[in-house]
Amino acid sequence: MKTNRFASIPWHILFIGLIIILIFPIIFAIGTSFKPLQDAYNNVLNFIPISPTLENYQTFFESLDVVKITFNTFIIAATVTLFKVFTSFLAAYAFVFFHFKGKNILYFVLISTIFIPFSVTMIPNYLVISDLGLADSVWGVILPQLADAVGIFLLRQSMKTIPVSLIEVARLDNLGHARIMKDIVLPLVKPAVTSTGIWFFILSWNEYVWPVLILKTVDNYTLPLALQMYISSEGGTNFTVAMAVAVITMIIPLTLYLLFQRYIIGTFTSSGIK
Amino acid sequence: MLKITLTKDHWKAYCLLVPSLIVFVLFMFWPFIYTIYLSFFDWNMVKPTKEFVGFANYKDILSDPITYKVFGNTIFYIVLLLLINLFVPYIFAFVLDVVLKRFKNFYKGALFLPSVISLVVGSILFTWLLNPVSGPAAIILGWFGIEMPIWSKMDGWVIVVLSVITSWKVFGYNFIVLYASINGVPREVIEAARLDNVPLWKIFIHIILPMSSATGIYVLIITIVQGLQYVFTPIKVITQGGPNYASSNAIYQAYHEAFVLYRTGHSAALSILTMLIFIILLILEFKFVERGIHYEN
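Going down the list, the sequences are from chains B and S. The numbering of the first sequence is the working numbering, which starts it at 1 and goes up by one. The numbering of the second sequence is the working numbering, which starts it at 1001 and goes up by one.
One chain only, chain B, in its complex shape (with noise of 0.2 angstroms):
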């Protein structure tokens, strides 16, 4: 092969130049959330506040009870995660280790629900979440997304990887389906399991569109939904506040992903689209 120790040059460049596009503007939110109004807009392409203060986040935290949304938050990605999990994992070892008839087209169906556009299911299940009585509730926004067609398909593809015969032995040894889930199949998929989790968190963690048509009032918000409140397509008059917001909203998806960025990546390159 041809080596040209400096042919990869201009590429590493345009890599690096890429990230900076796309890293600076979390680097900015951060600098920019310490500084006081008055610096921000002075030294507005200094991002590394000269005298840092704290006030930006003390506004917000005297105009809205943080705790109460950032709790509104965990609970509705928690709850939202868990469900889907566990559903995406017995439907998954059902798709694997069964064969039973109508599999293709059920598969085929429920992995075409990924296709399916927002605004044709949003009517009806706003219609039924009022009927509910869940209107302004976290179980209103929790409720229709206990099941997902992604964690089947990224267990599933997980799955595939076990031997058949294995489940098939401990099927002879008269071990049921609950135990062969619990002590074979969940160890053996556990980093699937994890950052399939972690990935609904941090998906719902930042989820907004169902969200915003079903929570009203201010205490029942998530953090995009607060975060909103200080947007308007001037930049608003308090940016600072705003970006004191925008950090504490992706405060936790950032600490998740660089703590478990392996194991993110790992499942998106080795699951395969098929």
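Keep in mind the hints are simulated off the structure, nothing from the lab. Ideal placement from N, C-alpha and C gives every residue a C-beta, glycine not left out. Among the hints, a few may not be true.
[To be verified] Derived list of chain B stretches under chain S, where covered just means 3 residues or more per stretch with a C-beta under 8 angstroms from a C-beta of chain S:
#1 17–31
#2 36–48
#3 74–88
#4 112–118
#5 135–148
#6 249–261
Given the coordinates of chain B, assemble chain S onto it according to the supplied hints.
Just chain S now, kept in the frame of chain B:
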């Protein structure tokens, strides 16, 4: 012998699927059918009775110039999203896999990072960064004597900026999925071509593209379907579809009809029309991805 142990208890398999199926039936399939039903009625979500109007909602929608503006916008969004989130990451993923040797994990990790952040955060960050008067981008452009367009008030520009904001979130995910697929192409094929001094762009077009086509089509479809849904967030928080519907797309317009104008029939009809377009895409997806131009591992 072995198959029998697993096949005799069909009902157990169905039991395992029931929890997922209940959710899908109640919150996906039934609403889908109910939306079709609503598209034939005049209603406002409050009135006690729905009035059957046949295809009147569809006629209204199809004779409304706003609809054509919105579908035009939708196509513009799709073109931009595909350009930034399919074309560009395809090339970058190829380069990372085939050309570059160092920093691979760092690049992957850093490019994926914005994908874990809320689009509301992205919307607010870019609203400020791209503020046409006092934002950093405007200041830097000012040094070169370039005036930043007041994008949130201008046809065309507004769609470009909202697409860029959405791409900030979508790019990394698509990049990783495409990278994984390209990484699955057998090394010997690529190495052999490189030994023969085949230029990189030829390797990309004649080896990589066909051998990763299933994933390519998958990313194409999700970029269109989910991309249009993702764009909803910046539209809702920054422009509310404005100015004068210049940034609205098919999905936002359905929301606008239902929850701002309270015309459920129009909203439902618009959603069903959108869905029909998506179904055509879906058929294409399964035709190519499931039957496979090429199967990947």
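Hint-by-hint comparison with the structure:
1. 17–31: holds (count 8)
2. 36–48: holds (count 3)
3. 74–88: holds (count 3)
4. 112–118: Per the Cβ count (7), the hint holds.
5. 135–148: Result for this restraint: holds, n = 5.
6. 249–261: n = 7 at 8 angstroms, threshold three: holds.
Every hint from the earlier list agrees with this structure, and none is contradicted.
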